[in-house]
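Those sequence lines, one after another, are chains C and D. If you read the first sequence in our numbering, its first letter stands for residue 1, the second for the next number, and so on. If you read the second sequence in our numbering, its first letter stands for residue 142, the second for the next number, and so on.
Hints in this document: simulated from the structure, not taken from any laboratory. Just so you know, these numbers come straight off a predicted model, no measurement behind them. Accuracy of the hints is not assured; some may be wrong.
Listed below are the simulated EDC-like cross-link pairs for lysine to aspartate or glutamate, each with C-alpha atoms no more than 20 Å apart in a straight line [said to hold, decoys possible]:
| id | chain 1 | residue 1 | chain 2 | residue 2 |
| --- | --- | --- | --- | --- |
| 1 | C | K118 | C | E50 |
| 2 | C | K19 | C | D112 |
| 3 | C | K78 | D | D245 |
| 4 | D | K276 | D | D244 |
| 5 | C | K135 | C | D112 |
| 6 | D | K169 | D | D263 |
| 7 | C | K19 | C | D103 |
| 8 | D | K276 | D | D185 |
| 9 | D | K219 | C | E117 |
| 10 | D | K219 | C | D44 |
| 11 | C | K140 | C | D122 |
| 12 | C | K78 | D | E191 |
A few chain C residues facing chain D, derived, Cβ under 8 Å [what the hints assert, rightly or not]:
| id | residue |
| --- | --- |
| 13 | A8 |
| 14 | G34 |
| 15 | Y36 |
| 16 | G62 |
| 17 | G66 |
| 18 | A67 |
| 19 | V111 |
| 20 | L133 |
Chain C residues, not near chain D, derived (Cβ > 12 Å throughout) [what the hints assert, rightly or not]:
| id | residue |
| --- | --- |
| 21 | F3 |
| 22 | K19 |
| 23 | G46 |
| 24 | E50 |
| 25 | P77 |
| 26 | K78 |
| 27 | A107 |
| 28 | W114 |
| 29 | R136 |
All C-beta atoms, glycine included, are put in the ideal place defined by N, C-alpha and C.
2 protein chains.
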Amino acid sequence: MAFPATPALTTDCVAFDAKGRVLLIRRKNAPHKGSYALPGGFVDVGETVEAACRRELKEETGMEVGALTLIGVYSHPKRDPRGHTCAVAFLGRARKGTPRAGDDAAAAEWVDNWRAEKLAFDHAQILADAQRLLKRRAGKR
Amino acid sequence: MAFPATPALTTDCVAFDAKGRVLLIRRKNAPHKGSYALPGGFVDVGETVEAACRRELKEETGMEVGALTLIGVYSHPKRDPRGHTCAVAFLGRARKGTPRAGDDAAAAEWVDNWRAEKLAFDHAQILADAQRLLKRRAGKR
Chain C
1 MAFPATPALT
11 TDCVAFDAKG
21 RVLLIRRKNA
31 PHKGSYALPG
41 GFVDVGETVE
51 AACRRELKEE
61 TGMEVGALTL
71 IGVYSHPKRD
81 PRGHTCAVAF
91 LGRARKGTPR
101 AGDDAAAAEW
111 VDNWRAEKLA
121 FDHAQILADA
131 QRLLKRRAGK
141 R
Chain D
142 MAFPATPALT
152 TDCVAFDAKG
162 RVLLIRRKNA
172 PHKGSYALPG
182 GFVDVGETVE
192 AACRRELKEE
202 TGMEVGALTL
212 IGVYSHPKRD
222 PRGHTCAVAF
232 LGRARKGTPR
242 AGDDAAAAEW
252 VDNWRAEKLA
262 FDHAQILADA
272 QRLLKRRAGK
282 R
């Protein structure tokens with residue numbers, strides 16, 4: 001059966017390290033070329049969103065994360081100037097290693113002062129929501 | 142820009158009433174024709190997942206809900222026998238009114254003993270996750 005057209009499904013990964021730094025890439029391509037962004041990309045048909053999140057993280061940064069926690073779903077029709085995408089964002093703690101840029105990433109690095117950076121797309125919102133989630137978790141302990 | 146092919150994006154709504162009943166439809170069409178299912182359907186291009194959730198609920202049951210809370214994202218490639226879909230599921234409290242079947246629904250009703258029913262797709266899992274979310278919320282009060 002042919003499905004009706006729906007927004008393109010993407011995933012983004014917020015990976016913190018033990019020091020509270022966030023793993024960001026520099027975008028190699030338009031839109032937002034050169035900007036910091038969360039690692040992520042399109043979900044393949046036949047792949048879960050969690051698997052896509054891990055695959056894109058690995059491709060763009062060489063890094064892996066432990067358990068993934070859902071942050072939110074971001075589907076505003078104007079969030080990507082290329083067309084309507086819907087991002088499923090996950091939070092994970094990065095395993096040890098050094099980021100290494102690959103695929104669509106011109107750079108991949110741990111960013112300390114990420115609140116001061118202008119991020120691509122709605123990634124500042126995703127990061128703010130991830131922080132809220134981390135704080136809620138910390139409050140439970 | 143043409144996006145790569147991604148799983149089709151859908152949304153499902155878990156609406157409880159004050160008595161703990163769940164709003165379910167009977168599916169009019171294959172797959173799972175005649176089975177109980179959560180109201181839901183495909184997200185239109187240009188529409189947020191939250192708006193799609195409210196639209197599908199209204200079309201299939203005539204009902205409206207208050208604030209929506211994200212339950213989870215369900216993207217197993219085999220969850221729909223027609224092809225790969227990814228469902229974003231929301232929880233909401235139904236506003237007053239009487240369900241009235243429309244669109245893809247052969248019936249729309251408040252179901253009390255929903256744990257005993259065989260539900261379409263992975264909707265039993267979505268309902269179980271919704272219940273966990275409700276319990277977590279209740280524990281916070």
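Hint numbers contradicted by this structure = The structure conflicts with hints 1, 3, 4, 7, 8, 9, 11, 14, 15, 16, 17, 18, 19, 20, 21, 23, 24, 25, 26, 29, although it agrees with all the remaining ones.
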